[in-house]
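Protein chains: 2
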Amino acid sequence: MNKSLIVQKYGGTSVGTLERIELVADQIVKTRKTGVDIVVVVSAMGGETDKLLKMARSLAKNPTRREIDLLLSSGERISAALLTIALQARGIPALSMTGRQIGLQTDSTHTRARIMNIDAQRARKMLKENHVIVVAGFQGINPEGDVTTLGRGGSDTSAVALAVALGARQCEICTDVDGVYTTDPRMVPEARKLDVVSYDEMLEMASLGANVLQIRCVEFAHKYKMPLIVKSSFKEGYKGTLICEEDPNMEQPVVSGIMCDKNQAKITLKEVPDQPGIAANIFEPLAKAAISVDMIIQNVSEQGHTDMSFTLQREELDEAMVIMNKVAKKIHATQVSADAKIVKISIVGAGMRSHSGVAAQIFKTLSANKVNILMISTSEIKVSCIIEQKHSKLAANALHTAFKLADKPAKKKNKKKNQ
Amino acid sequence: MNKSLIVQKYGGTSVGTLERIELVADQIVKTRKTGVDIVVVVSAMGGETDKLLKMARSLAKNPTRREIDLLLSSGERISAALLTIALQARGIPALSMTGRQIGLQTDSTHTRARIMNIDAQRARKMLKENHVIVVAGFQGINPEGDVTTLGRGGSDTSAVALAVALGARQCEICTDVDGVYTTDPRMVPEARKLDVVSYDEMLEMASLGANVLQIRCVEFAHKYKMPLIVKSSFKEGYKGTLICEEDPNMEQPVVSGIMCDKNQAKITLKEVPDQPGIAANIFEPLAKAAISVDMIIQNVSEQGHTDMSFTLQREELDEAMVIMNKVAKKIHATQVSADAKIVKISIVGAGMRSHSGVAAQIFKTLSANKVNILMISTSEIKVSCIIEQKHSKLAANALHTAFKLADKPAKKKNKKKNQ
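Protein chains in written order, with my numbering: chain A, 1 to 419; chain B, 1 to 419.
Honestly, the hints are just simulated from the structure, not real lab data. Keep in mind that this is a model prediction, so the values were computed, not measured. Check each hint, because a few of them may be wrong.
Any copy will do: because identical chains look the same in the list, a pair fits if it lies in one copy or spans two.
[Stated by the list, open to error] Here are the simulated EDC-like pairs of lysine to aspartate or glutamate, each with C-alpha atoms no more than 20 Å apart in a straight line:
id : residue 1 : residue 2
1  : LYS262    : GLU316
2  : LYS125    : GLU380
3  : LYS128    : GLU144
4  : LYS288    : GLU190
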C-alpha cells in the first residue's frame, strides 16, 4: 500500500466551467502541499455528456452503443486535458491519461462496460517521477481496442478501481454535495448529513437512487476495503461522509436513510400464457441486451393466463419496449404497456438486521398518508416500495419523520475512547 | 490498388452542425450507391478546435503540447462518432475509428506530428466486411501510446495517408469551396476556379497560404501519385479541382495562381555580431522547438555587426520570441523586434519553368501600385514577396489583372481528343 497516495475524483459540476477547473487546480495544489501524492479522476464538464447524447439522439433514434462510447468518452478527455493544463500553469508536474493510457481494461459491453483489469505500470512510473496524474474517468478500452464507457457515474468507479490498483490510502469523491444525506434535501428539508455509513448501507443507497455514488464504485471499494469519502469539492475544512466497514462503535440507527429513485419505469405484459419457461422467454432477451430488471410481480394465474409486471431503469424503457413487443407476439401476451410515472422509495439501515417491524411501520406510514404501494421488495437492510410519482415528496417526508431521521443518533454507550 | 475505394475527407464547416452531418451522410449514401467503397475522414465540427484552444489558453499562457493534443483530438472523435451514427441511421454499416484504431502511427512531435506508418490491417478487414469507415482525422498515436495531432488541417494529411495505405483510387477533399482558385475570391472578385493543377503547383500554393489544402497532404499525394480532388461537399454535379501529375495536355499558363498568406510574422535581430556560427546559434533553437523559419535576410555587415530578419508562421511568433530573447542575450544582439503586420504574396505557375520575366513583371506591377517589397524569395515555379499587410488586397488585384488570371487559358493546340 502507498500510504502517501490518495485518489480524488471531481464530478461534472466541479469541473463544469473554466473557473471551477481553476478552483479544483488550486485545491489540488493545497492538498499536494500536505505531502501526499495525488491521482485525480475527472468527469466530463457538467452538461457535456447530456449535450453529446442529445446530438447523437437527434441523428438516430437508437444510436449504436459503440459509437456512443467514442462520443461520450471525449468529454472526460477534454476536462482531463484542461485540468492538467491548469495544474501545469501552477507549476505542478501534471500529466493527463485517458482510460487506455492508465491501463483501464474492460469487457466489451459498450456504454456499461465492466472493469477487467488495470495495468497501472505507467501510472506507477509517473507517480515515482512525482507527477500528479489526471485521469479521464468513465472510460476504458476493450480487448478489441475500442473505447468503452462504464455507464453513468462511471468516473466514481474509475477512481476506486485506480485507488485499489495503486494501493491508495483512500479514495475521495469530490462533488457538489457535502456528503451522504439521510435523504434528498430537495425533497425533505430536514434531511441530515451522515458522518459515517457502512459499505452495506451505501451499497443499498447507491442501488436505490442515492445519486451521490454509483453502485459499482461502492462494490469495488467494499470488495477491496478501500475507504471512500464523499465530500464537497470546494468547502474547506468540511468533513464529508466516510464510507467504510461496519464498526461496533459506528452510530447505528435502525434506519440510516431514505432514497427516492425517480429513474424508474414499469412494463406490464397482460394475459401471458402461464406455462413453464415463460419467464425465461421474457427476461432472457432483456438480459442479452444488458438491460437490468429490478422488481418482478406475477399475478395469480387465472384460466391459464397471468399478468407480469417488472421495473427497470427509465432510460432503458424504450429499448426494453422494442424487445417486449417482439416477445409479446412470440408468447401470445395480449398487451404490453409501459408506465414511466413511478418512483421507488426505499428505506435503508444496517440496524434492520437486528430490528423487526420496520416494514410494518413503512406500510402504516404510507397508508396513513393515502399512498398506494404498487410493488414491494426487501433485503436484509432495506425495504423498497414502488409508488406513483406524484406521491414521492409526501411519502419521503412522512417516512423521514416517522423514523426520526432528522435527529442525530446517540452514540452507543459502550463506545471506547480513542478508537 | 483497390479501384473501387475512394477516401473522402469532410472539413469542419461540412460537419459544422447536425444538419450538415446529415447532409454529409446523405452524400455518402449516394456515393456508395455508385458501387464504390468509402473511407471517410472528418475534421472537428467547425469552431470546435478554436473553442478548445481558447479554453486551454485561458488556463495557461503556453499550455503543453501533449495536453493540447489530447484536448484537440476530442473534436474529431466527436464528429466521427456523430457521422457514423447518422450513417447507421440510414442503414449503412458504418464504423468509427480514431487515429489509433485506424493504425495511424506518428513521431512524438506533439501538435505537429509526422506520420510514420499506417497499420491498416483492421481498416482492410472492415472494408472487406462492407463497412463505411469514418475516421477521426488530424490525430495519431506516438510510440509512447500518447495521442498526437498532425497540425492545422492535418485531417487532409490523414485522408491522403489512408488513401495511400489502402490503395484507394483517389482522395477527395470535400470542403466549403468549389475547388482551387487562381486567388482568394474574397480579395479578388475576378478569381477563377482551376480545373486541374499539378502537384508541384499545388505544393507551392499550399505552402504559400492557399488554405484549401495542407502542404503535407499534397506532398504525400505527390510522393505516392495519389490523385487528389478538391471539391464542394454539397454542390452536386460540380467538378472540383483535380490535383495530379503535370500532363502535356494540361492547361499550362505561365502563372496559375496568386496566394496571399496572412499567417506571417517577421522577427528582426539588430546588430548581431557577424561571425561564423551565428546563424546556427539563431536557428538551431528554433528548429529544436519545431518552429519553421521561412525567409531569411541578412543585411550587409557594418563594423562587424549585421541585422538578421526572418519570417515564420504568425501563431509561432510568441514561442519564437521567447526563444529569440534568450538567443539575443547569448549572442549579444542589441535588440529583438517582432512584426506581425506583414503578408506574403506569391505568384505560382509551372509555366514559369519555361518563361522568364515573371519576377520582373511582378516587381513592376507592385512598384506601379506603390507597394513596398520587404523580402523576396523565389523557386523554380514561384515568386514570393513579403509586403505590408495593408497593401495585400491592392497587390493581389493588381497582380491578378497583370497576369490575366481571370481569363480561361486556351488549351494547347496539340491536345489530342479522348485523352
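Hint check:
1. LYS262 <-> GLU316: within (13 Å within a copy, 53 Å between copies)
2. LYS125 <-> GLU380: neither (44 Å within a copy, 52 Å between copies)
3. LYS128 <-> GLU144: Between. Shortest inter-copy distance 18 Å satisfies the 20 Å Cα cut-off; intra-copy 30 Å does not.
4. LYS288 <-> GLU190: neither (42 Å within a copy, 63 Å between copies)
Checked against the numbered hints given earlier, this structure breaks hints 2, 4; the rest are met.
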